[in-house]
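Chains as they are written, first to last, in numbering that gives the first Met the number 0: chain A, 0 to 242; chain B, 0 to 242.
To be clear, the hints were calculated from the coordinates, so they are not data collected in a lab.
Mixed in with the good hints, there may be bad ones.
Unchecked claim - Simulated pairs of lysine-lysine, DSS-like, Cα-Cα distance not exceeding 25 Å:
id, chain 1, residue 1, chain 2, residue 2
1, B, 203, A, 191
2, A, 142, A, 241
3, B, 203, B, 152
4, A, 152, A, 172
5, B, 98, A, 6
6, B, 6, A, 203
7, A, 65, A, 241
8, A, 172, B, 191
9, A, 100, A, 65
10, B, 94, B, 142
11, B, 65, B, 241
12, A, 172, B, 203
13, A, 203, B, 142
14, A, 67, A, 98
15, A, 50, A, 65
16, B, 94, B, 241
17, A, 203, B, 172
18, B, 6, B, 191
19, A, 203, B, 191
20, A, 98, A, 66
21, B, 98, B, 50
22, A, 94, A, 67
23, A, 142, B, 203
24, B, 142, B, 172
25, B, 66, B, 50
26, A, 50, A, 191
27, B, 98, B, 241
28, B, 98, A, 152
29, A, 6, A, 172
30, A, 66, A, 50
31, B, 152, B, 172
32, A, 191, B, 65
33, B, 241, B, 100
34, A, 191, B, 241
Claimed, not checked - To give an idea of the chain A side of the interface with chain B (calculated C-beta under 7 Å), a few residues:
id, residue
35, 79
36, 154
37, 202
38, 203
39, 224
Being a predicted model, the structure only gives us computed values, none of them experimental.
The beta-carbon is built from N, C-alpha and C at its ideal position, and this holds for glycine as well.
2 protein chains.
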Amino acid sequence: MTKPKDKFTVEVCFTPVLYPHILTQSNFIVVIVDILRATTSICTALACGVKAIIPVATLDEAREMKKKGYLVASERDGIVMDFADFGNSPFNFMKPEVKGKTIAYSTTNGTKAIQAASNDSNVVIGSFLNLSALAIWLIQQQKNVVILSSGWKNKFNLEDSVFAGALTSILLKNSGFVTECDSAKAAMDLWKLARNNLMEYIEKASHRHRLKKLVLDDVLEYTFTVDSTDVIPILNNGMIIKA
Amino acid sequence: MTKPKDKFTVEVCFTPVLYPHILTQSNFIVVIVDILRATTSICTALACGVKAIIPVATLDEAREMKKKGYLVASERDGIVMDFADFGNSPFNFMKPEVKGKTIAYSTTNGTKAIQAASNDSNVVIGSFLNLSALAIWLIQQQKNVVILSSGWKNKFNLEDSVFAGALTSILLKNSGFVTECDSAKAAMDLWKLARNNLMEYIEKASHRHRLKKLVLDDVLEYTFTVDSTDVIPILNNGMIIKA
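Turn these sequences into a full structure, and let the hints guide you.
Dropping the structure here:
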């Protein structure tokens with residue numbers, strides 16, 4: 000991406016499938032987004048005293064981690080796996096028994112995005128819960144930013160895109176960031192439409208209806224609570240820890 | 000995609016990279032969109048009496064077609080190739096000398112999308128020029144609809160997405176179509192924001208600025224003229240002809 004001197008760029012990538020085609024080539028941080036629900040849960044976990052999260056992509060890896068004695072959070076399509084200690088609802092990570100623990104974490108979409116990005120850049124975890132804290136932290140890093148939505152089974156989804164728009168809007172407003180990315184511009188427009196009533200806007204997201212069918216939508220109001228924590232989860236040697 | 004009985008679905012695919020991941024599996028028509036500028040030019044060509052367009056993906060194929068005696072329209076990144084008769088500005092297809100001719104056509108993004116979709120479904124060409132006529136034709140076909148944006152080098156772009164939103168909005172308003180596709184919902188929201196002043200909205204599209212740098216933006220106002228033709232270009236045995 001072309002950029003004015005001394006400005007950093009923001010690029011939005013709507014699904015991991017598009018990640019190989021990003022234009023940002025160097026000196027960048029990737030913000031992983033999976034609002035429903037991996038990145039919301041990871042922010043919750045670290046905010047509630049979980050020591051570290053180890054993201055794993057496959058069920059086999061998750062099963063191996065269980066054998067090694069880790070607590071395991073694992074689900075597919077919203078269903079908790081039988082060998083796992085719990086699924087990926089953020090409420091599970093608020094329990095006293097997870098405090099100080101390291102938890103292996105495997106989910107449908109979120110982990111895939113983390114692994115897609117982890118090889119070539121710094122990775123940080125974003126959700127509405129840590130929106131402002133994350134924006135401030137990104138401004139301090141003095142790097143370009145790529146916001147990578149997890150999507151749903153490789154497709155665009157509304158909730159991650161609206162978050163990407165929220166984060167882009169703050170970065171562009173408060174500091175030396177610019178964007179020439181159409182995805183970022185579209186995401187900001189969606190955030191503009193959604194921001195005054197996030198819950199109502201997200202009513203139309205298809206993933207929200209999938210969760211409803213699975214009776215997993217108890218978490219929605221919590222998920223769209225903006226700025227409930229200052230935690231900045233970063234990926235460090237394969238583990239997600241507090242920055 | 001789940002759908003109520005007797006309703007047809009609309010799905011939007013923001014770039015050809017995402018096309019292998021569409022959820023629509025059967026009985027569907029793909030609408031190819033490359034507003035700046037292939038599908039706008041194709042609509043113009045057929046409206047102005049060009050007999051047929053043969054889309055070709057590579058420059059080698061385009062060169063071969065020239066040797067075979069076809070008129071050839073070919074450009075990369077907005078630059079006309081030296082062996083070609085002209086580039087892909089719609090104005091080229093308004094000249095009297097193209098009337099009744101078959102033209103081989105190779106472009107940066109549009110042809111790729113046509114070829115991505117051509118193997119497994121019916122293909123039709125969409126642009127703002129034939130928006131309403133296309134919507135009416137699609138309603139008559141009694142099939143599911145996938146709107147495939149060409150994007151820019153595999154990335155999301157605003158102008159194709161806004162068009163996808165415009166077409167989806169008409170289909171959902173006037174007939175037996177439904178959507179559970181978040182991309183379609185986002186596209187409709189972008190169209191809502193853009194529709195009252197398309198030219199102003201598209202000012203922020205990055206591709207529009209690329210064209211401006213190449214001094215190719217003389218065509219913009221024409222491109223965003225809604226409903227200037229009733230032509231329905233369809234793909235038939237590798238050739239684009241009037242339906």
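Query raised in the report: So which of those numbered hints doesn't the model satisfy?
Result: 4, 5, 10, 26, 28, 31, 32, 34, 35, 37 and 39
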